[in-house]
Amino acid sequence: MTSLGRRPWLSVSRWLLVCYCIYLLLPLYWLASIALQSNADITGEFALLPQNPTLANFAEIWRNPVWFSAFINSLNYVVLNTLISIAVAVPAAYVFSRYRFLGDRQLFFWLLTNRMAPPAVFLLPFFQLYSAVGLFDTPLAVALAHCLFTVPLSVWILEGFMSAVPTELDDMARIDGHSFGFFFMRIFVPVNRGAIGVTLFFCFMFSWVELLLARTLTGSAAKPIVVTMTRTVSASGLDWGVLAAAGVLTVIPGIVVVWFVRKHLVKGFALGRVS
Amino acid sequence: MASIQLDGLSFRYPGAEEYTLAPLSLNVPDGTAFALLGASGAGKTTLLNLLSGLLAPTSGRIFFGDDDVSYVAGRQRNVAQVFQFPVLYESLSVAENLAFPLRARKFDPLWIDERVRHIAADLAITEQLPFVAADLSLFQKQLVAIGRALVRPDVSVVLLDEPLTAVEPRMKWRLRQTLRRVQEELAVTMIYVTHDQTEALTFADQVAVMADGGLLQVGTPEQIYATPSCEFVGYFIGSPGMNFVDIERLESSLEVSVGASRVGFRPEWALLKPQGQGQLAGTVESIQLAGTDSGAATGVVRLDTAAGRVAVRGKLNVAVGDHVGIELRQHLCFSAQGDLVTAEYD
Amino acid sequence: MTKPYNNKAWLGVLPVLLIVAFSGVVPLMTVVNYSVQDILDFNSRFFVGFQWYSETLQDPRFVEAFVRQLGFSASVLIIEIPLGLMLARGMPREGISASLMLVLLAIPLLIPWNVVGTIWQLYARSDIGLLGVTLNALGLGFNYTANPLHAWITLLAMDIWHWTSLVALLAFAGLTSVPAAYYQAAELDGASKWQVFRYVELPRLKGVLVIAVLLRLMDSFMIYTEPFVLTGGGPGNATTFLSQHLATMAVGQFDLGPAAAFSVIYFLFILLFCWVFYSSVVREND
Amino acid sequence: MLQLSQTQLVPDAEAFEHPFRAGTLTVVLGRNRSGKTNLCRHIAGLACSAAGEVSLDGRVMSGLRPQSRSVAVVFQAFVNYPNWTVAENIASPMLAQGVKRKDRDIRTRQLAEVLGLEELMQRLPNELSGGQQQRLAIARAMAQRAQVLVLDEPLVNLDYKLRETLVLELRSLLQQSGTSVIYTSTDPKDAFALGDEVLLLDEHTKLQSGKPLDVYRDPQSYAAADLMSDPGVNPFITKASLVAAARKAAVRPEHVYLASAPPPGEVNEFQMDVWGLETSGDETFIHGSVEDNPWVVRCSGMAHVVPGQRLPILVRNDDIMRFGVV
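Protein chains in written order, with my numbering: chain A, 1 to 275; chain U, 1 to 346; chain L, 1 to 286; chain C, 1 to 326.
Derived from the structure by calculation, the hints contain no laboratory data. Any given hint could be a false lead.
Unchecked claim - Label-pair ranges, simulated between beta-carbon atoms:
| # | chain 1 | residue 1 | chain 2 | residue 2 | range |
| --- | --- | --- | --- | --- | --- |
| 1 | L | Pro92 | A | Ile255 | 11 to 21 Å |
| 2 | L | Leu83 | A | Ile255 | 17 to 27 Å |
| 3 | L | Asn147 | U | Asp135 | 51 to 61 Å |
| 4 | U | Arg329 | C | Trp275 | 44 to 54 Å |
| 5 | C | Pro235 | U | Glu168 | 12 to 22 Å |
| 6 | L | Ile96 | A | Leu16 | 43 to 53 Å |
| 7 | C | Arg59 | A | Gly194 | 35 to 45 Å |
Stated by the list, open to error - From chain A, some residues computed to sit far from chain L (all C-beta separations above 10 Å):
| # | residue |
| --- | --- |
| 8 | Gln51 |
| 9 | Arg63 |
| 10 | Asn76 |
| 11 | Val79 |
In this text, a Cβ means the ideal position worked out from N, Cα and C, and glycines have one as well.
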């Protein structure tokens, strides 16, 4: 809209935003430049730009089964966690947004406390529990453990979005004669696909970044990327190049996911409440 | 206080072909109560946003008094606006809300308090002054919003965008009367946007009827109702609107102006007569009761005639299917293009 | 239209209850169980009541770690909340620049926490890091692995880099919910920048800011991975926070009782924050 | 015939009975928050605080879910499925009834033509104007071919002129449909324009019912009289002789005449201090006070009256409505 009423006083905050973006991008740039340099160049004499950029580090990761399988393991439990969380949270959020029932407030609060539970507290008990159940060192273990955090968050966000959808829609479907299942799958879920997309982003965000639980619940078979990276630093010589390359590769999936849900991101961050 | 002069003012969104607001010229004398009447999408709110400075005109000029404000920012135009829902500083008290525009313009604090009390008394919201805006009822909040618009002595024009939409039907009448009374007392120029003809004809000295981004007619409520400039205005004002029939379809002759090809008459300008009388013959298609007059049922009779459907208002002493005559006690003449032709009527 | 009361609704909530209880309730019970026993090995345990609790509370290392944690969380809040708010006010609201800015700001939230540590390690090392080398070139003798103050500053800089976007995006969501009419009315009033922020934007940001403050408070209170990767709690234990202290106790020295007691105290503290959050935001909406 | 018995629209409201005869169009008239929406939801079987028995042609429906009641509803807000096209929205009830695709498409096209939506078939509801969205909701309700059709103040969110045209369309549409129609409104004009029958609701309970003209002519209570006039009746004052022993008396705004145009029959004269007036062109409402009672006088055309003026007005004897004659 060609408008005169644009808020002229943006200059200070806009200038600050630009500085912050630079502050944000510098370390990422440095990660990428290290990833493009051979170890010799990195530890050699310091240079702002990579002298002779090489993709050797990335090739090393691609070829080396340890790194490659770690990547797959990570994606494995992240996707599993996201699917479980959404499959479970969508019906629960529907019920929270549509009905009052015995203990609904207490349950909602209890869910919230789990989202806030410090992972460090659960290291040992998780280890024992999942070994007892025979799930240790499997992607399902990490996925389930992460559910402790992603499910409450998903219910919270989805409930916010769903209460913005008028209940007359449900009434309309009942009056038309549709069964609840038909209404839910063919009308209610599609109408909320934006909200589900945003929730998917939040689940991915949490599950992909977490280290503690992922490390505790995996041995060698299901070792995720996050763990492999910490091992490389401490154990073998400090191969910075390969480490940086792995770092770059872990950033990319996040960017892809956020690009797809960017339109609904703002509402998601309002956790569906403010909108 | 200022008169408002628009010449050739228009607005079009960048990239769109047709105008959201086609070029129009208008003069609103200082201190008048002016109504912008039209269905939704007629361009009323776009015109309002051009006046408030939210939108910059695509072409044409806006003059407040004799200075050109076409591209001046809203804050320098000394304009106030009341929106469809109450827009207040929810965390501030009513008194602070009313004083806000005055403090922003650095008026003397003592004078501000006196002015705030005066406006509050005028709008009968004196007891609400200390309360926080958020705690008021919707009706009271809208009164405070109106107060905020009137509190500045130097306000050039007060813009109102369908201010009664969110107010309960029973309270609309009170708010309308308050608005009209205050407008006359302070003699401030007001532009009132609405799609409701009762609000427009009640509130305004001058009414502008708009449709599809164009200005069709500007006139006093009587002119708009009695002599619509074109068929659209004739139909739009009045419920049911004016009937239109082709002249050659009329049974008997009627003094008709030169160049007229159609005749327009309001439902209450016609009279039902026994078959064979009057200028038009019709069969009763439906009857819509509206109440009783001296005991007899009255309402609107809809008839099918050789010249199409017409509606006649009066006593319901007919039944569906009756063949009757329609006598036109009053009528207007329109050209083939639907514009009013100088009418002769007794 | 108030929501109808219907206990059949439990069917929809049951799966959530099962999943979260499986990984939430059982482990918590085991922790509480351990926290009141002295466990030598699997079959010899003695009930010791609150001994571990009192011991932990007096343990100087716990108190130090607790104070460090509070210090860290406080400084995180003091910087990130206002900074995030100001960034949000500068963010573009329409068009492609708005989407690009959203994606850019969301990136740090998507990087695995240990990779954030690694990035900052590569960035701040005085031998190969862009920041480290530049600071030294300016003659500041910057070395976060040796100097506790430098370690703290680097940790803080990293956390700001990592999490301020969350506050900015939350505040931005709150700002975009302000209807345009309020800005227009303020413009016609001739309100100043500060007045617009104070009387139009801030009242609407209350809910969102409470969420931001409590999320950042709790997440910073639980921080483990990034400091572990960057400084390993060093130099010495200058940057050993609660989670790290707990991790070394529980996994390292394997004295289960105190570690469990510590965990319960830690959890109760978080529960307190949570209750404050629940009562101020969620109840306000119901 | 739809029969309501022991119906309480809210828990402590007075119970009432009412038969909606088959094929008739009943306008349920009541102020805001007088229980109209609860009545609609009660008949349709939707969750609400109303209680009581609902039976259709003798079959008790009270326990049944909306799905198994032959009741279609048009809500006040324009409720359509946002992710389905116009055509899919109209076909929705037929889909639920298992009507085969061929018949569904034919009936969908017919209904779209009747309601002027034929060019918009592939559009989504949010691309339509307010009037079109409500037409879509009406088309879907009719596609259901239910025995009872409920419309809860369907036109209240529409523009002034659009409302007028849609009332006409609805009238012809609903009369041909042959189903029992329940149409709620706050405006007595709708009762006259649409209603074969009118049911007055006040304080969540039935006040009176009958033919619109009959209820208009002899209301059984002051509240019933007040409901049938907009803006409400004029309360009569203490002049004992005129209102005999009635506890309450009132006269309708349209039955107060200006001295300049006296009506036939025996009249009584009053003086009105004019506060102001409202006009829509066809008619004018003069607001003022008569012996410090707020009164409104409705006269046709655009009356020229100035606030502060003392206006002589006339009231015919048999236009005065007397209630509670002792």
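Cross-check of the supplied hints:
For proline 92(L) and isoleucine 255(A), the Cβ-Cβ distance of about 19 Å falls inside the hinted range of 11 to 21 Å, so the restraint holds. Judged by the Cβ atoms, the range 17 to 27 Å given for leucine 83(L) and isoleucine 255(A) holds: they are separated by roughly 23 Å. Between asparagine 147(L) and aspartate 135(U) the beta carbons are some 56 Å apart, a value that agrees with the proposed interval 51 to 61 Å. Roughly 32 Å separates the CB atoms of arginine 329(U) and tryptophan 275(C), a value that falls outside the hinted 44 to 54 Å.
Roughly 21 Å separates the CB atoms of proline 235(C) and glutamate 168(U), a value that falls within the hinted 12 to 22 Å. Look at isoleucine 96(L) against leucine 16(A): about 21 Å separates their beta carbons, and that is not inside 43 to 53 Å. Distance hint check: the CB atoms of arginine 59(C) and glycine 194(A) are about 43 Å apart, consistent with the given range 35 to 45 Å. In this structure glutamine 51(A) is separated from chain L by more than 10 Å, as the shortest Cβ-Cβ distance comes to about 13 Å.
The Cβ of arginine 63(A) sits about 21 Å from the closest Cβ of chain L, beyond the 10 Å cut-off, so the non-interface label holds. The non-interface label for asparagine 76(A) is consistent with chain L: the shortest C-beta to C-beta separation is roughly 15 Å, beyond 10 Å. Non-interface call for valine 79(A) relative to chain L: holds, since the shortest CB-CB distance, roughly 15 Å, exceeds 10 Å.
Checked against the numbered hints above, the structure violates hints 4 and 6; every other hint is satisfied.
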